[in-house]
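Enquirer: Required output: the full structure, derived from the provided sequences and hints.
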Amino acid sequence: MRTESKLEKVLAAGHLAVTSECGPPRGSMADKVIEKGKYLHGVVDAVNVTDNQTAMVRMSSFAASVLLKQQGHNPLLQMVTRDRNRLAMQADILGAYALGIDTMLCLSGDHTRFGDHPMAMNVHDIDSVQLIQMVKNMRDEGKFQGGAEIKNPPKMFIGAAANPFADPFELRVLRLAKKIAAGADFIQTQCIFNVDKFEQWMEGVRARGLHKQTYILAGVTPIKSVGAARYMKNKVPGMDVPQEIVDRMAAVPKEKQPEEGIAICIETIERLKKVEGVAGFHIMAIDWEEKVKEIVERAGLLPRPQV
Amino acid sequence: MEYIKPFKRILLVGCNECVTVCAAGGRKEVGLLASGLHMAVLKSGATIEIREHTLERQCDPEYVEELVPMIDGVEAVMSMACGCGVQEIARRFKNKPVFPALNTKFMGASERQGVWSERCQGCGDCLLGMTGGICPIARCAKQLMNGPCGGSTGGHCEIGEDTDCAWALIWERLKALGQIERYVEITPAKDWRPGGGSGPRKIIREDLAE
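Protein chains in written order, with our numbering: chain A, 1 to 307; chain B, 1001 to 1210.
Any given hint could be a false lead.
What the hints assert, rightly or not - Just so you have them, the derived chain B footprint on chain A, three or more residues with Cβ under 8 Å:
no.: 1; stretch: 102-111
no.: 2; stretch: 121-129
no.: 3; stretch: 132-145
no.: 4; stretch: 172-182
Unchecked claim - Cβ pair distances, simulated, as ranges:
no.: 5; chain 1: B; residue 1: 1179; chain 2: A; residue 2: 255; range: 51 to 59 Å
no.: 6; chain 1: B; residue 1: 1175; chain 2: A; residue 2: 41; range: 46 to 54 Å
no.: 7; chain 1: B; residue 1: 1113; chain 2: A; residue 2: 29; range: 50 to 58 Å
no.: 8; chain 1: B; residue 1: 1130; chain 2: A; residue 2: 15; range: 39 to 47 Å
no.: 9; chain 1: B; residue 1: 1130; chain 2: A; residue 2: 2; range: 28 to 36 Å
no.: 10; chain 1: B; residue 1: 1204; chain 2: A; residue 2: 143; range: 30 to 38 Å
no.: 11; chain 1: B; residue 1: 1087; chain 2: A; residue 2: 147; range: 34 to 42 Å
Hint data in this document are derived by calculation from the structure and do not stem from the laboratory. Nothing here was measured: the structure is a model prediction, and the numbers come from that model. Using N, Cα and C, we set each Cβ at its ideal position, and we do this for glycine too.
Expert: Okay, structure coming up:
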């Protein structure tokens, strides 16, 4: 074991891990964070806390992670390289670890043009691969990126993202290989709707033996409505929603669509369970945290293992 | 317009170098801007005298010296050079207000007639030898050094269809050159000191400096 992370323990014991996410509020309401967290108690092994997702200002991932930690959750601190330089990020990693946060996800982040501050500078002092490398060196070598020694180095279980659906497709397995070489202990993928394409990507992953060097958590998202399905299909860069999913959502009346979205999500999990190399699931129920328990339960993933 | 409002006599200075090539501040543009300013000022019910002059280079002191005979006759200078030229004139003529006529944007290349796009950010530590001759610092919207983000779609950047994904271009180049293994090597965190991280940059060539 590299860390004390609950997520690492679950994965190392060979269980299918389950993570979900909590998007912090656009205001300083601690109660909102706590309320969202309530739906996830005993349902998941770690809770991703997003970092200014879609480049919209929100309560910091760090603060919301601490609030969740105080409620007994295992927060998974997301960190994007868009908003801060390496000094600020290392400072937060030290602070987070000092407050009991031992799991994180290293990302580059959506471009500011998608958010509410398109006039802001994109920092990108380092990129996501270099962030992974930095966190690993902090943990394993006890060194800051600048080379100086760290007293009581933070032992983070290090995650990275992978998008099997972005282009160029043939590069996507190599990109994963690069993140693993940099030090990614686990991977959370982009939402999977096109399972065939995901399986094709996993073939490439297995051919290089990458599934044995990292834990791959397959990302899934329940769709609330046919409108949401169309939006993700047409407007979100790097998302692959097949037409048949849109058609299936459109075929049921509006009030039945949330139920259909959840059914599709559970079927997707069942299909993904059969894919060799999938070590767990990351359920991204955006502003729909109350449905995560039902999904996890109906997918046969409850109770969560005690490790 | 706001800049020159208080003045009756100004000198409008063009530059024969880069701004001429990119049709932004050469002799021709000096003429066009001068007549445009004339009309605008007349319309507002005032008058202005605009002297026009275009220097060989505004970023070299010896050429800027050419302005000495005309500077006393004007109240202010407006420069159509890049920011370097504006600052060189300001440095030389300490008691004369100098205003920029252009917003200097980037170091780029001409894609086709009338279209220029950014190619270099002057980061001082060139990666082009590793990236197939395509710069991820200048041409990737997130200046990613280790490959495309999850937003790359059909060769386009996530910020818009009129922006190429630099990493899609790099990948095609590496394939064509048989250098796919270059991609797998991790590019470590960049040292930004030569890129401006250690303050304003200066180059001193001992063999040329006086």
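Enquirer: Each hint should be assessed against the structure and marked as holding or not.
Expert: Taking the hints in turn, this is what the structure says about them:
Closer than 8 Å: that is the beta-carbon criterion, and the stretch 102-111 of chain A has 4 residues meeting it against chain B, so the requirement of 3 holds. Check on the stretch 121-129 of chain A: 7 of its residues sit with their Cβ under 8 Å from a Cβ of chain B, so the three-residue criterion for coverage holds. Beta-carbon proximity to chain B at under 8 Å applies to 3 residues in the stretch 132-145 of chain A; the threshold of 3 is reached and the given coverage holds. Residue count for the stretch 172-182 of chain A with a Cβ under 8 Å from a Cβ of chain B: 6. That meets the three needed, and the coverage hint holds.
Between residue 1179 of chain B and residue 255 of chain A the beta carbon distance is about 56 Å. The supplied range of 51 to 59 Å therefore holds. A hinted range of 46 to 54 Å holds for the C-beta pair residue 1175 of chain B and residue 41 of chain A, which are about 49 Å apart. Restraint check, residue 1113 of chain B to residue 29 of chain A: a C-beta distance of roughly 55 Å satisfies the suggested window 50 to 58 Å. The hinted range of 39 to 47 Å is satisfied by residue 1130 of chain B and residue 15 of chain A, whose Cβ atoms lie roughly 41 Å apart.
The hinted window of 28 to 36 Å between residue 1130 of chain B and residue 2 of chain A holds, with their beta carbons roughly 30 Å apart. At about 34 Å, the beta-carbon gap between residue 1204 of chain B and residue 143 of chain A stays in the expected band of 30 to 38 Å. Between residue 1087 of chain B and residue 147 of chain A the CB atoms are about 37 Å apart, so this pair conforms to the stated range of 34 to 42 Å.
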